[in-house]
Amino acid sequence: KQEVTQIPAALSVPEGENLVLNCSFTDSAIYNLQWFRQDPGKGLTSLLLIQSSQREQTSGRLNASLDKSSGRSTLYIAASQPGDSATYLCAVSGYSTLTFGKGTMLLVSP
Amino acid sequence: GAVVSQHPSWVICKSGTSVKIECRSLDFQATTMFWYRQFPKQSLMLMATSNEGSKATYEQGVEKDKFLINHASLTLSTLTVTSAHPEDSSFYICSATRGSFEQYFGPGTRLTVT
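From first to last, the protein sequence lines stand for chains A and B.
Heads up, the final residue of the first sequence is numbered 110 in this note's numbering, and it's a clean run with no missing numbers.
Heads up, the final residue of the second sequence is numbered 114 in this note's numbering, and it's a clean run with no missing numbers.
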């Protein structure tokens, strides 16, 4: 059974810092990996999707990497802003299902 | 494109009553829809997978007689929580796919059972 772990569970940084969120998964037989953002009481916003054959994806200040063989992914956020404050979820896709981690709660203070 | 809506966004109901949550794909036909539940500070847990016109497949530990799923068309799936109890209070999120492995998520429904 796939298990997804995200570290740290919570992170608080001052505005402007670069930061890294970590995600690990136990079964490397995945189709893709996604990073989502979730604001309190809201649904999910897809940030980046990395296919299993890819090593990384970039969107603006966000860069996600995938090392499938070691079961790891990182989400790099450059020049963090208060508006980045949210919970970031990592999810890996098996044949037809997504398995989510518990998320990293990020707080960026002005 | 690939917008998924949910209705209602929040609902309060009394213990013992039933409540229906709708999930719609607005601009595409969804081959498969998924229902997730999320408790506070917890991850999303898959409850069931549904394909249009067929019975839903429930995850282990999810009571299919309590959580009724109807996927009547390619754009609509409904989740009915029957005889709701306070422990059913949670955030319910649906998602839909259009043939690939990428899932598009709805905004979620907050259910509170008093």
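Watch out, some of these pointers could steer you wrong.
[Claimed, not checked] The list that follows gives simulated cross-link-like pairs (lysine-lysine, DSBU-like), each with its CA atoms no further than 30 Å apart:
{"hint": "1", "chain 1": "A", "residue 1": "K68", "chain 2": "B", "residue 2": "K64"}
{"hint": "2", "chain 1": "B", "residue 1": "K66", "chain 2": "B", "residue 2": "K14"}
{"hint": "3", "chain 1": "B", "residue 1": "K66", "chain 2": "A", "residue 2": "K68"}
{"hint": "4", "chain 1": "B", "residue 1": "K14", "chain 2": "A", "residue 2": "K68"}
{"hint": "5", "chain 1": "B", "residue 1": "K41", "chain 2": "A", "residue 2": "K1"}
{"hint": "6", "chain 1": "A", "residue 1": "K42", "chain 2": "B", "residue 2": "K14"}
{"hint": "7", "chain 1": "B", "residue 1": "K41", "chain 2": "B", "residue 2": "K64"}
{"hint": "8", "chain 1": "A", "residue 1": "K1", "chain 2": "A", "residue 2": "K102"}
{"hint": "9", "chain 1": "A", "residue 1": "K1", "chain 2": "B", "residue 2": "K55"}
{"hint": "10", "chain 1": "B", "residue 1": "K14", "chain 2": "B", "residue 2": "K55"}
{"hint": "11", "chain 1": "B", "residue 1": "K14", "chain 2": "B", "residue 2": "K64"}
{"hint": "12", "chain 1": "A", "residue 1": "K68", "chain 2": "B", "residue 2": "K55"}
{"hint": "13", "chain 1": "A", "residue 1": "K1", "chain 2": "B", "residue 2": "K14"}
Calculated directly from the structure, the hints in this document are not laboratory data.
Hints versus structure:
{"no.": "1", "hint": "A/K68 with B/K64", "in the structure": "violated, 35 Å"}
{"no.": "2", "hint": "B/K66 with B/K14", "in the structure": "holds, 15 Å"}
{"no.": "3", "hint": "B/K66 with A/K68", "in the structure": "violated, 38 Å"}
{"no.": "4", "hint": "B/K14 with A/K68", "in the structure": "violated, 47 Å"}
{"no.": "5", "hint": "B/K41 with A/K1", "in the structure": "holds, 22 Å"}
{"no.": "6", "hint": "A/K42 with B/K14", "in the structure": "holds, 23 Å"}
{"no.": "7", "hint": "B/K41 with B/K64", "in the structure": "holds, 25 Å"}
{"no.": "8", "hint": "A/K1 with A/K102", "in the structure": "holds, 16 Å"}
{"no.": "9", "hint": "A/K1 with B/K55", "in the structure": "holds, 24 Å"}
{"no.": "10", "hint": "B/K14 with B/K55", "in the structure": "holds, 28 Å"}
{"no.": "11", "hint": "B/K14 with B/K64", "in the structure": "holds, 21 Å"}
{"no.": "12", "hint": "A/K68 with B/K55", "in the structure": "violated, 34 Å"}
{"no.": "13", "hint": "A/K1 with B/K14", "in the structure": "violated, 36 Å"}
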